[in-house]
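A.B. asks: All chains should be modelled from the sequences, with the hints used to inform the complete structure.
Spelled out, the chains give:
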Amino acid sequence: MTETKAEWPLYEVFVRPRRGLNHVHVGSLHASDDRMALLAARDLYTRRNEGVSLWVVRSDAITASTPDEQDPFFAPSGDKVYRHPTFYDIPEDVPHI
Amino acid sequence: MSAPQIAEQPLEGHFETVVAAEQRIEPRDWMPDAYRATLVRQIAQHAHSEIIGMQPEGNWLTRAPSLRRKAILLAKAQDEAGHGLYLYAAAETLGVDRAELTEKLISGRQKYSSIFNYPTLTFADVGVIGWLVDGAAICNQVPLCRCSYGPYARAMVRICKEESFHQRQGYELLMTLMRGTEAQRRMVQDAVDRWWWPSLMMFGPPDDDSPNTARSMAWRIKRHTNDELRQRFVDMTVPQAQHLGVTLPDPALNWNEERGSWDFGEPDWSELKQVIKGQGPCNTQRIERRRAAHEDGEWVREAAAAYAAKRRADGSSTDGHKGQGDAQGAGR
Numbered sequence: 011m012t013e014t015k016a017e018w019p020l021y022e023v024f025v026r027p028r029r030g031l032n033h034v035h036v037g038s039l040h041a042s043d044d045r046m047a048l049l050a051a052r053d054l055y056t057r058r059n060e061g062v063s064l065w066v067v068r069s070d071a072i073t074a075s076t077p078d079e080q081d082p083f084f085a086p087s088g089d090k091v092y093r094h095p096t097f098y099d100i101p102e103d104v105p106h107i
Numbered sequence: 038m039s040a041p042q043i044a045e046q047p048l049e050g051h052f053e054t055v056v057a058a059e060q061r062i063e064p065r066d067w068m069p070d071a072y073r074a075t076l077v078r079q080i081a082q083h084a085h086s087e088i089i090g091m092q093p094e095g096n097w098l099t100r101a102p103s104l105r106r107k108a109i110l111l112a113k114a115q116d117e118a119g120h121g122l123y124l125y126a127a128a129e130t131l132g133v134d135r136a137e138l139t140e141k142l143i144s145g146r147q148k149y150s151s152i153f154n155y156p157t158l159t160f161a162d163v164g165v166i167g168w169l170v171d172g173a174a175i176c177n178q179v180p181l182c183r184c185s186y187g188p189y190a191r192a193m194v195r196i197c198k199e200e201s202f203h204q205r206q207g208y209e210l211l212m213t214l215m216r217g218t219e220a221q222r223r224m225v226q227d228a229v230d231r232w233w234w235p236s237l238m239m240f241g242p243p244d245d246d247s248p249n250t251a252r253s254m255a256w257r258i259k260r261h262t263n264d265e266l267r268q269r270f271v272d273m274t275v276p277q278a279q280h281l282g283v284t285l286p287d288p289a290l291n292w293n294e295e296r297g298s299w300d301f302g303e304p305d306w307s308e309l310k311q312v313i314k315g316q317g318p319c320n321t322q323r324i325e326r327r328r329a330a331h332e333d334g335e336w337v338r339e340a341a342a343a344y345a346a347k348r349r350a351d352g353s354s355t356d357g358h359k360g361q362g363d364a365q366g367a368g369r
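Protein sequences appear in the order of chains L and Y.
Everything in the first sequence is counted per our numbering, starting at 11 for the first residue and increasing by one.
Everything in the second sequence is counted per our numbering, starting at 38 for the first residue and increasing by one.
Everything labelled a hint here was simulated from the structure, so no lab data went into it.
Watch out, some of these pointers could steer you wrong.
[What the hints assert, rightly or not] Short derived list, chain Y residues pointing at chain L, Cβ under 10 angstroms:
{"id": "1", "residue": "Q115"}
{"id": "2", "residue": "A118"}
{"id": "3", "residue": "G119"}
{"id": "4", "residue": "L122"}
{"id": "5", "residue": "A126"}
{"id": "6", "residue": "E129"}
{"id": "7", "residue": "D134"}
{"id": "8", "residue": "A192"}
{"id": "9", "residue": "R195"}
{"id": "10", "residue": "A340"}
{"id": "11", "residue": "A341"}
{"id": "12", "residue": "A342"}
{"id": "13", "residue": "A346"}
{"id": "14", "residue": "R349"}
Heads up, the beta-carbon is just placed ideally off N, CA and C, and yes, glycines get one too.
C.D. replies: So, in structure tokens, the structure goes:
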């Protein structure tokens with residue numbers, strides 16, 4: 011078979027469900043170029059008004075951290091409890107804080 | 038030589054812990070080879086079923102009795118294509134390629150649901166497929182929304198939202214026919230007679246003949262056994278049949294007060310085996326149709342790829358709005 015010679019690249023699709031919300035990753039698709047990816051994303055992921063805005067990006071253009079939750083990459087924030095409001099003791103009778 | 042085995046011990050432990058805690062496994066996580074292989078097989082088969090599933094009903098697109106029914110049927114066939122694509126995308130996160138899966142389908146190395154090897158003889162079949170076949174699919178698919186593999190579960194959530202329309206349009210179509218002439222009512226009953234048993238077979242072989250169920254349940258891919266889901270489907274469907282005014286073609290169908298469920302007869306499992314082996318009424322036709330569509334589309338795929346390559350060489354953008362992200366461009 012000759013499939014592979016016409017293989018189209020993979021794109022990741024992000025949809026903004028409505029104004030005021032972030033674009034969220036919804037899945038992926040194959041398309042020959044950016045324009046076709048956008049059209050296919052519309053037909054595939056927004057057939058029932060699921061979005062007001064679409065982003066498509068080539069999957070190979072995404073840089074990602076490693077998947078492991080134990081990844082030392084995230085360690086710098088692990089021991090900084092003082093970044094959270096609950097770290098601070100404030101007397102109960104102090105209002106609005 | 039035992040180095041990889043030693044290294045896999047904690048990985049396997051971590052995998053088991055995540056699954057047992059009802060958390061999701063995500064694409065780049067370590068997973069046992071057999072878990073990956075089981076998912077690829079199941080998701081690919083599921084995707085193929087959606088794609089092949091367009092054919093039985095597509096058969097009636099040009100002959101739908103009204104513009105309303107035609108628009109509905111077209112929307113449904115588009116949904117099936119969409120479901121197939123969500124599922125191929127989920128399978129691809131496991132390291133397989135869509136083109137490779139398509140090739141396996143049209144060469145008969147991967148299966149699709151046996152139900153789509155039955156012919157759609159009248160327009161009532163369109164209604165019965167929506168009601169029974171999509172009804173059975175919903176029974177199967179709702180628990181898959183909690184499958185341990187994240188991308189599959191998310192695809193199923195999307196699919197289940199859309200399937201409800203499929204089932205309701207089918208039931209509504211049948212209600213319309215049942216309000217019609219005597220001949221139309223006979224047409225509905227005839228379609229129910231032909232589709233009832235194949236629909237029950239959609240849940241797969243009985244539990245004592247389903248060797249992989251236990252492992253899939255331990256991995257939280259499957260949540261219920263085939264027989265549990267089949268029973269659930271029968272219990273859901275009997276009152277709907279009564280309301281519709283059709284008879285389900287099973288003399289053994291009987292309310293069991295003790296179990297609080299309907300007793301029903303045994304499907305002909307030898308028929309299921311034959312259909313799975315490729316000897317159903319339409320197996321050859323379905324695959325040939327899919328192969329022809331794929332091969333006829335080859336020049337389109339090549340032309341689009343050539344166009345994209347040319348535009349790249351010209352240095353021209355092929356889309357409309359670059360840099361419309363929130364950060365206004367790629368610099369951040």
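A.B. asks: Evaluate each hint against the coordinates.
C.D. replies: Against the structure, the hints:
1. Q115: The hint holds - Q115/Y has a Cβ within 10 angstroms of chain L, the shortest such distance being about 7 angstroms.
2. A118: 9 angstroms, holds
3. G119: 5 angstroms, holds
4. L122: 6 angstroms, holds
5. A126: Result: holds, 5 angstroms to nearest chain L Cβ.
6. E129: Holds, about 7 angstroms.
7. D134: 8 angstroms, holds
8. A192: 7 angstroms, holds
9. R195: 8 angstroms, holds
10. A340: 9 angstroms, holds
11. A341: 4 angstroms, holds
12. A342: Holds: closest Cβ of chain L sits about 5 angstroms from A342/Y, inside 10 angstroms.
13. A346: 9 angstroms, holds
14. R349: Given a least distance of 8 angstroms, the restraint on R349/Y holds.
Hint compliance for this structure: every hint is met.
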